[in-house]
Amino acid sequence: MSITVAVDVRSVSKIFGAGTGQEVTALDDVSVSIAQNEFFTLLGPSGCGKTTLLRLIAGFEHATHGSILLEGAEISALPPFQRPVNTVFQNYALFPHMSVSQNIGFGLEMQGRTKDEVADTVGAMLSLVKMENLKDRQIDQISGGQQQRVALARALAPRPKVLLLDEPLSALDLKLRKEMQVELKRLQHETGITFIFVTHDQEEALTMSDRVAVMNEGRILQVGAPHEIYNRPNDRFVADFIGDTNFISAEIIERDGNEIRMRLPSGIEIMIPAPPDLPQSGEITLAIRPEQARIASDGDAASIQGSLTDEIYIGTDTQYYIDIGTTSPFVVRVQNANGETQRIPTGTSVGISVDAKTIQILRD
Amino acid sequence: MSTEHISNNESFESLEVQAYQREVRRNLLLSTPALIVLFCAASGPLLIMLVFSFLTAGDYGGIKWQFSTEAWFQVAFYRDIFDETVSIANAHVSIFWRSIKLSFLTTLVAFVLGFPTAYFIATRPPETRSLWLFLVTIPFWTNLLIRTFAILEIIRNQGLVNTVLITLGVIDQPLDMLYTDIAILLGMTYVYIPLMILPIYASMERLDFRLVEAAYDLYATRWRVLARVILPLVKPGVVAGSILVFIPSLGAYVTPRILGGGKHLMIGNLIELQFGQGRNWPLGAALSLTLLVIVMGALMVYVRSAQKEGSGHGH
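So the protein sequences, as listed, match chains A and B. The numbering of the first sequence is numbering that gives the first Met the number 0, which starts it at 0 and goes up by one. The numbering of the second sequence is numbering that gives the first Met the number 0, which starts it at 0 and goes up by one.
No wet-lab data here; the hints were simulated from the structure. Quick reminder that beta carbons are idealized off the backbone N, C-alpha and C, glycines included. Don't take each hint at face value.
[Stated by the list, open to error] Now the stretches of chain A that chain B is said to cover, found in silico as 3 or more residues with beta-carbon under 8 Å:
(1) 82-93
(2) 344-353
[What the hints assert, rightly or not] Pair by pair, the computed Cβ-Cβ distance ranges are:
(3) A:Asp115 <-> B:Leu107: 30 to 40 Å
(4) A:Asp115 <-> B:Leu159: 54 to 64 Å
(5) A:Ser66 <-> B:Thr127: 55 to 65 Å
(6) A:Pro83 <-> B:Val160: 47 to 57 Å
(7) B:Lys262 <-> A:Thr19: 52 to 62 Å
(8) B:Glu22 <-> A:Glu22: 46 to 56 Å
(9) A:Gln81 <-> B:Val160: 38 to 48 Å
(10) B:Thr127 <-> A:Glu250: 28 to 38 Å
(11) A:Glu178 <-> B:Phe208: 28 to 38 Å
(12) A:Ile14 <-> B:Leu225: 26 to 36 Å
(13) B:Glu22 <-> A:Asp119: 47 to 57 Å
(14) A:Gly122 <-> B:Tyr252: 42 to 52 Å
[Said to hold, decoys possible] Residues of chain A placed beyond 12 Å of chain B at every Cβ, according to the derived structure:
(15) Gln110
(16) Glu131
(17) Gly144
(18) Arg262
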């Protein structure tokens with residue numbers, strides 16, 4: 000392992016209002032290592048602790064327990080202005096009484112760089128974020144997307160070891176957001192700085208990140224590359240939060256070598272590959288992605304039977320809602336490959352076929 | 000088709016203009032009573048003062064309807080009663096100087112003490128802020144005279160401070176605090192500090208504290224965050240507070256009268272003296288107008304510099 004660790008978060012807990020009798024645990028014994036030059040994303044719903052973790056790394060909050068290391072050195076006790084870490088704030092927090100250039104140069108000036116150095120770096124940053132012709136504008140004279148770029152340039156200018164981004168794209172409209180996603184990837188690539196990105200948008204997390212940490216209720220549930228998180232969720236919350244998932248409870252009947260035989264609520268028995276540490280009996284949950292299931296054609300041996308209740312056209316795909324006797328309907332998503340949708344009248348009984356390899360077993 | 004469009008637009012426009020004019024008229028009508036009161040209360044006395052300052056002093060106070068510029072002459076110069084030699088009115092100059100100096104110091108001390116207080120209040124949780132503001136305004140509930148006498152009780156030679164210090168053995172002679180410039184400064188700061196705190200708080204409350212975090216994140220130490228981000232952004236409040244403290248300080252009457260003991264006069268006391276024992280109403284009027292001119296001059300200098308700075312911002 001030649002990858003060096005940029006940020007090492009070791010068993011960090013953060014309890015707000017400690018000692019007041021109204022303790023709120025924002026982070027509960029979180030440990031994670033973020034490699035150098037990595038685009039790392041903290042993903043989770045609001046209130047999951049992702050922003051708190053970011054603020055702990057930035058130094059705006061202090062951990063109740065645990066330690067945070069930056070390139071091997073303990074930084075927990077340092078104030079924000081002594082940490083070589085900069086933040087892009089959710090609402091940019093640009094200084095309204097300064098011009099674009101003055102905003103970008105602020106950090107450099109505070110570091111005590113010479114006037115020439117500041118001017119050079121500001122110039123380089125302006126061209127990096129393509130804002131050269133707006134350098135003398137006041138902040139209220141530029142658009143939201145431009146403010147975003149200035150905020151990025153301001154945080155990158157002092158060449159921090161780690162750049163923290165707190166939902167920086169959430170205030171932009173969809174088209175601009177897509178553009179900035181590509182832009183952020185480019186900036187990270189060009190600068191070689193470790194990015195820690197916080198978002199609640201799973202799509203954003205999957206498209207941009209090298210690795211994603213999914214958080215909920217103050218804990219990290221799973222860390223992995225986007226495809227691992229998506230295809231091999233190890234937790235019901237992760238499977239549910241990222242993408243759409245059908246959950247089916249099943250009863251284990253017996254193990255047969257590498258496979259396990261289980262009974263679905265409908266009474267049908269299926270065999271799927273299972274990890275060896277799975278219990279020999281009891282209830283488990285299966286997770287099946289809508290796009291990995293198919294409406295069975297006549298020849299297929301359908302695993303699950305049900306009746307079609309709804310058909311929804313969503314442009315690229317069509318979603319079929321099938322009642323299989325569970326509380327929520329089973330969803331099958333079919334790509335509209337040749338511009339034609341497969342029209343099935345509602346009420347028709349259909350079979351669902353799923354490749355056993357794509358079924359995830361969740362232990363909850 | 001197109002002509003119809005144009006005429007439509009025109010009629011819309013004139014409707015809009017009419018609506019706007021109606022609104023202006025209505026607002027003007029609503030503010031008329033206040034404007035009348037303000038106009039009469041401000042311009043009436045001023046006019047009387049202006050007329051009086053160009054008349055001759057009556058023998059037992061009051062005025063004689065006889066044009067004279069003597070009062071204006073006396074503001075700055077002193078004519079010896081016996082040999083009629085003219086010299087600068089040192090007493091007046093030193094009183095004006097003391098007034099300006101003490102008002103400036105009051106403003107400064109009020110700022111130095113008021114700014115952190117405003118910061119403290121603005122950084123409290125919203126539900127406790129109103130309590131703190133309420134506490135700041137409590138002194139206004141008591142008459143100024145009573146509060147000033149209370150300060151007198153505290154700082155006089157046999158007062159609270161000296162008694163405690165002597166009892167503790169810190170000093171063996173009482174400190175002479177009463178009837179000094181320091182006593183006046185203390186009293187005026189106490190009286191006017193809420194007028195500094197409240198406007199600064201109003202600006203500070205609107206301050207986006209994420210900007211403070213951003214500066215802090217960008218390697219600015221606490222002092223530099225204060226100097227480069229907080230102060231520039233709450234400047235309107237600081238300016239308003241300074242004006243609100245400086246101007247009434249300049250015309251203060253009660254505080255220097257009681258805590259200065261009549262030995263350390265300020266402009267307000269000097270003016271009062273002319274209308275009372277001095278029996279020189281025209282001089283009193285001329286002094287009042289001089290004070291007015293000083294205040295207006297100071298304000299104009301400030302407005303000019305603010306405009307210059309504003310245009311320098313590249314707007």
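Nearest-CB test (12 Å) between chain B and Arg262 (chain A): holds, 55 Å
Gly122 (chain A) paired with Tyr252 (chain B), Cβ distance criterion 42 to 52 Å: violated, 60 Å
Outcome for the supplied range 30 to 40 Å, where the beta carbon pair is Asp115 (chain A) and Leu107 (chain B): holds, 38 Å
Val160 (chain B) and Gln81 (chain A) - C-beta distance against the hinted 38 to 48 Å: Check passed, 43 Å falls within 38 to 48 Å.
Range hint compliance [Cβ, Glu22 (chain B) to Asp119 (chain A), 47 to 57 Å]: Check passed, 54 Å falls within 47 to 57 Å.
Verdict for Pro83 (chain A), Val160 (chain B) (Cβ pair) under range 47 to 57 Å: holds, 51 Å
Check on Gly144 (chain A) being off the interface with chain B, judged by Cβ distance over 12 Å: holds, 19 Å
C-beta pair Asp115 (chain A), Leu159 (chain B): status relative to the range 54 to 64 Å that was hinted: At 60 Å between Cβs, range holds.
Claimed clearance of chain B by Gln110 (chain A), with the beta carbon kept past 12 Å: Violated, since 5 Å does not exceed 12 Å.
Ser66 (chain A) versus Thr127 (chain B) beta-carbon gap, inside 55 to 65 Å or not: Once the Cβ atoms are compared, 33 Å apart, the range 55 to 65 Å for Thr127 (chain B) and Ser66 (chain A) is violated.
CB-CB spacing for Glu250 (chain A) and Thr127 (chain B) relative to the 28 to 38 Å hint: At roughly 57 Å between Cβ atoms, Glu250 (chain A) and Thr127 (chain B) fall outside 28 to 38 Å, so the hint is violated.
Coverage of the stretch 344-353 of chain A by chain B, judged on three or more residues with CB within 8 Å: It is violated, with 0 qualifying residues against the three required.
In terms of the numbered hints stated before, the structure departs from hints 2, 5, 10, 14, 15, listed from lowest to highest.
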